[in-house]
Amino acid sequence: MTAALAAAPRPAFRFRGRSFLALSLAPTLPLDGWLAELDAWTARSPGFFSNRPVILDCSTTPLDKSTLSRLVSELAARAIRIMAVEGLEAGSLPVGVPPAIAGGRDASSAEIARRSESRAPVRGGALYVEEPVRSGQSILHPAGDVVVLGSVASGAEIVAGGSIHVYGALRGRAIAGVAGEPGARILCRRFQAELLAIDGLYKAADDIDPALLDRPVQARVGDDVLLVTATD
Amino acid sequence: MAKVLVVTSGKGGVGKTTSTAALGAALAQSGQNVAVVDFDVGLRNLDLVMGAERRVVYDFVNVIQGEAKLAQALIRDKRIDTLHLLPASQTRDKDALTPEGVARVLDELRERFDWVICDSPAGIERGATLAMRHADVAVVVTNPEVSSVRDSDRIIGLLDSKTARAERGERMEKHLLLTRYDRARAERGEMLKVDDVLEILSIPLLGIVPESQDVLRASNLGQPVTVCAAATPAGRAYAEAARRLSGEAVPLSFSAERTGFLGKLFGRRAA
Numbered sequence: 001m002t003a004a005l006a007a008a009p010r011p012a013f014r015f016r017g018r019s020f021l022a023l024s025l026a027p028t029l030p031l032d033g034w035l036a037e038l039d040a041w042t043a044r045s046p047g048f049f050s051n052r053p054v055i056l057d058c059s060t061t062p063l064d065k066s067t068l069s070r071l072v073s074e075l076a077a078r079a080i081r082i083m084a085v086e087g088l089e090a091g092s093l094p095v096g097v098p099p100a101i102a103g104g105r106d107a108s109s110a111e112i113a114r115r116s117e118s119r120a121p122v123r124g125g126a127l128y129v130e131e132p133v134r135s136g137q138s139i140l141h142p143a144g145d146v147v148v149l150g151s152v153a154s155g156a157e158i159v160a161g162g163s164i165h166v167y168g169a170l171r172g173r174a175i176a177g178v179a180g181e182p183g184a185r186i187l188c189r190r191f192q193a194e195l196l197a198i199d200g201l202y203k204a205a206d207d208i209d210p211a212l213l214d215r216p217v218q219a220r221v222g223d224d225v226l227l228v229t230a231t232d
Numbered sequence: 001m002a003k004v005l006v007v008t009s010g011k012g013g014v015g016k017t018t019s020t021a022a023l024g025a026a027l028a029q030s031g032q033n034v035a036v037v038d039f040d041v042g043l044r045n046l047d048l049v050m051g052a053e054r055r056v057v058y059d060f061v062n063v064i065q066g067e068a069k070l071a072q073a074l075i076r077d078k079r080i081d082t083l084h085l086l087p088a089s090q091t092r093d094k095d096a097l098t099p100e101g102v103a104r105v106l107d108e109l110r111e112r113f114d115w116v117i118c119d120s121p122a123g124i125e126r127g128a129t130l131a132m133r134h135a136d137v138a139v140v141v142t143n144p145e146v147s148s149v150r151d152s153d154r155i156i157g158l159l160d161s162k163t164a165r166a167e168r169g170e171r172m173e174k175h176l177l178l179t180r181y182d183r184a185r186a187e188r189g190e191m192l193k194v195d196d197v198l199e200i201l202s203i204p205l206l207g208i209v210p211e212s213q214d215v216l217r218a219s220n221l222g223q224p225v226t227v228c229a230a231a232t233p234a235g236r237a238y239a240e241a242a243r244r245l246s247g248e249a250v251p252l253s254f255s256a257e258r259t260g261f262l263g264k265l266f267g268r269r270a271a
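So the sequence lines, in the order shown, correspond to chains Z and H.
Residue 1 is where the first sequence starts when you use the working numbering, and the numbers rise one by one after that.
Residue 1 is where the second sequence starts when you use the working numbering, and the numbers rise one by one after that.
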């Protein structure tokens with residue numbers, strides 16, 4: 001007797017960009033002097049660094065490999081866990097040291113002191129596109145919804161911070177909720193999309209029920225799964 | 001005022017050069033002064049299709065680089081007085097075309113001709129974008145098949161963004177020329193139907209040129225289709241398309257719908 005293989009549901013795989021606020025420590029030479037200062041500070045505010053992500057900022061004082069290795073282990077001994085190293089090329093970091101990072105911006109000390117909760121996404125108005133979106137064109141509107149009064153061609157893409165509404169055929173890619181908005185939806189009059197994504201959860205055309213082709217369709221996130229259903 | 005028309009498609013091999021020659025010849029036959037310009041540097045074909053390949057002395061790149069005057073490079077058609085060809089270079093490549101040079105030559109052509117028809121190369125890089133840059137009107141040549149339609153859509157997007165007209169905020173007049181249309185195959189579902197293509201591309205239809213062996217024959221003879229095969233369905237389709245470009249309202253003679261048994265007896269014969 002042959003057992004039928006049930007098609008295993010594809011696991012949800014999501015990826016997205018997220019920004020975090022981290023503490024930045026900038027060591028100075030000689031290292032022993034700086035570590036002594038650090039110890040004096042933590043003696044006054046014990047537990048300050050525990051559970052905080054810390055970045056080592058070496059942009060003003062480049063350290064060589066052995067000093068850097070030593071610094072990271074000295075900090076680990078003090079329960080200060082370094083997440084990444086700023087200001088040094090990835091190639092100049094020794095093995096066993098956290099990865100290089102770039103693009104840090106200063107933030108106020110008040111923000112650092114406060115344990116931040118999830119931020120409400122910054123919302124702007126909707127973008128209305130009145131012409132058909134042609135193949136190869138990319139509409140990017142992270143501030144809010146995108147409404148297309150026409151069709152979206154195969155090979156075109158719409159990237160919106162909010163929801164995407166297409167009053168026509170959706171033949172390209174629709175990527176909604178990019179600002180971290182899982183409540184965003186994608187709606188279209190005729191579904192022929194190549195890819196749908198909401199807040200990092202995506203499905204390519206192959207993984208979507210073929211019975212939905214050419215029908216008015218809605219996509220939304222429910223229970224951490226991208227649900228695509230007909231609205232007619 | 002002269003009109004610069006670009007015949008473009010994105011996809012290769014759909015009939016740009018054939019259409020440039022056919023439309024150019026038809027417009028010239030109606031008495032207008034027409035120059036057809038080959039922008040496919042390195043892979044020139046317009047001179048072959050026009051039957052002028054043995055008379056090419058100077059070419060477009062020579063004129064741009066000041067090595068020849070425009071009058072020296074222009075080749076007058078032997079059959080139609082008002083039709084001239086500016087051939088492309090075969091030995092160089094598209095990098096030899098400069099935006100300033102192209103602009104200068106097109107300005108000069110505009111002064112001497114009523115129509116300047118630019119035969120665009122395939123693709124979306126320099127040759128194609130330079131060919132469309134100064135156009136007033138675009139004819140987008142498309143075969144009724146999915147790759148061609150998507151590539152045409154891409155080109156339409158570029159016509160609306162990378163041309164001088166688009167940059168000035170003006171609309172470029174765009175027309176769809178559906179070529180190599182085979183109604184039987186469209187009915188069997190092997191090829192896209194006219195309505196499918198129009199729905200996807202959303203630009204006005206200039207004409208439907210049926211698939212025809214006359215086109216290849218004409219090409220090998222070095223004659224534009226509207227010259228040596230004017231009475232064939234393809235030749236007629238091109239002639240009507242040229243009249244529509246000139247502003248005439250010509251009803252589509254090529255019936256795209258299915259004809260019943262009686263229609264076959266009494267109706268017009270399709271290609």
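Fair warning: there could be bad hints in the mix.
Residues on chain H that point at chain Z, a partial pick, calculated with CB under 7 Å [claimed, not checked]:
hint	residue
1	THR91
2	ASP93
3	ARG150
4	ARG154
5	GLY157
6	LEU198
I should point out that these hints are in silico values taken from the structure, not numbers from a laboratory.
Quick caveat, the model's predicted, so the values are computed rather than measured.
Glycine is no exception: its CB is placed at the ideal position from the N, C-alpha and C atoms.
Here's how the hints hold up against the structure:
Against a cut-off of 7 Å between C-beta atoms, the interface hint on H:THR91 is violated, since the closest Cβ of chain Z lies about 32 Å away. Given the 7 Å rule on beta carbons, the hint for H:ASP93 is violated: about 24 Å separates it from the nearest Cβ of chain Z. Interface restraint check: H:ARG150 against chain Z, minimum CB-CB distance 5 Å, threshold 7 Å, status holds. Interface hint at H:ARG154: satisfied, since its Cβ lies 4 Å from the closest Cβ of chain Z, which is below the 7 Å cut-off.
Because the beta carbon of H:GLY157 sits about 3 Å from the nearest beta carbon in chain Z, less than 7 Å, this interface hint is met. A hinted interface residue such as H:LEU198 counts as satisfied when its beta carbon comes closer than 7 Å to some beta carbon of chain Z; here the least separation is about 12 Å, so the hint is violated.
Comparing the model with each numbered hint stated earlier shows that hints 1, 2, 6 do not hold.
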